[in-house]
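Let chain A serve as the given structure and place chain B on it in line with the hints.
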Amino acid sequence: GENVEQHPSTLSVQEGDSAVIKCTYSDSASNYFPWYKQELGKRPQLIIDIRSNVGEKKDQRIAVTLNKTAKHFSLHITETQPEDSAVYFCAASFRGNTPLVFGKGTRLSVIA
Amino acid sequence: EAGVVQSPRYKIIEKKQPVAFWCNPISGHNTLYWYLQNLGQGPELLIRYENEEAVDDSQLPKDRFSAERLKGVDSTLKIQPAELGDSAVYLCASSSFGDTGELFFGEGSRLTVL
Numbered sequence: 268g269e270n271v272e273q274h275p276s277t278l279s280v281q282e283g284d285s286a287v288i289k290c291t292y293s294d295s296a297s298n299y300f301p302w303y304k305q306e307l308g309k310r311p312q313l314i315i316d317i318r319s320n321v322g323e324k325k326d327q328r329i330a331v332t333l334n335k336t337a338k339h340f341s342l343h344i345t346e347t348q349p350e351d352s353a354v355y356f357c358a359a360s361f362r363g364n365t366p367l368v369f370g371k372g373t374r375l376s377v378i379a
Numbered sequence: 397e398a399g400v401v402q403s404p405r406y407k408i409i410e411k412k413q414p415v416a417f418w419c420n421p422i423s424g425h426n427t428l429y430w431y432l433q434n435l436g437q438g439p440e441l442l443i444r445y446e447n448e449e450a451v452d453d454s455q456l457p458k459d460r461f462s463a464e465r466l467k468g469v470d471s472t473l474k475i476q477p478a479e480l481g482d483s484a485v486y487l488c489a490s491s492s493f494g495d496t497g498e499l500f501f502g503e504g505s506r507l508t509v510l
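Same order as they appear, the protein sequences are chains A and B.
The numbers in the first sequence follow the numbering used here, run straight up by one, and end at 379.
The numbers in the second sequence follow the numbering used here, run straight up by one, and end at 510.
Here chain A stands alone, though its shape is the one from the complex (with noise of 0.2 angstroms):
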């Protein structure tokens, strides 16, 4: 089955600042790639995802790329505000045919 890992597993930031979390992942199959934000006590909530036709995908301050070769994707986070900070997760699949495999999250704190 899918597996994947996410680095780092903290990360503090200078508010203005850019962040990365990278993620592996394990299947070739999978082919939808998102990226969801937890803040403290509350349900995880999508904030950008992107599928294997794409390299790169960008909302705004954030930005996804995707490396199907080496089975990596990134999150890059611009500009970085306090608002920012949260716990990070990374997750994996096969759309449609599989659910979602997450990584452990990456906790991002921004300082003001």
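Don't read these hints as lab results, they were simulated from the structure.
A hint or two may mislead.
Said to hold, decoys possible - Calculated cross-link-like contacts (lysine to aspartate or glutamate; reagent style EDC-like; alpha-carbon spacing at most 20 angstroms):
1. A:K371 / B:E410
2. A:K325 / A:E350
3. A:K309 / B:E440
4. A:K371 / B:D482
5. A:K289 / B:E503
6. B:K474 / B:E410
7. A:K324 / B:E498
8. A:K309 / B:E498
9. A:K325 / B:D453
10. A:K309 / B:E503
Same frame as chain A, but now just chain B:
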């Protein structure tokens, strides 16, 4: 539109007691998931339903856990008897088959076993 609703939000029980969690998915979502989230970890799948059929329950500890989704809408997850190691957040999520693949999560049910 209402999101995924779970209850109870919090539950504290003694070990060996039974406990049940309830989930109401987003209207029209035919796929329902129960995930287990331990402190500081990512969600781990327990069981997935397509309508009323459990299509992926390989990670569900069937000696003490059971789940049902009668009529393909609401779902209940039961633990009997509970053990100390079951303390965690139980997340329910739903999605629409053939849609984007996005999961919509509930707020979760936090279980503490004493």
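Going down the list of hints, with the structure as the test:
{"no.": "1", "hint": "A:K371 / B:E410", "in the structure": "28 angstroms, violated"}
{"no.": "2", "hint": "A:K325 / A:E350", "in the structure": "19 angstroms, holds"}
{"no.": "3", "hint": "A:K309 / B:E440", "in the structure": "17 angstroms, holds"}
{"no.": "4", "hint": "A:K371 / B:D482", "in the structure": "18 angstroms, holds"}
{"no.": "5", "hint": "A:K289 / B:E503", "in the structure": "26 angstroms, violated"}
{"no.": "6", "hint": "B:K474 / B:E410", "in the structure": "15 angstroms, holds"}
{"no.": "7", "hint": "A:K324 / B:E498", "in the structure": "16 angstroms, holds"}
{"no.": "8", "hint": "A:K309 / B:E498", "in the structure": "17 angstroms, holds"}
{"no.": "9", "hint": "A:K325 / B:D453", "in the structure": "35 angstroms, violated"}
{"no.": "10", "hint": "A:K309 / B:E503", "in the structure": "6 angstroms, holds"}
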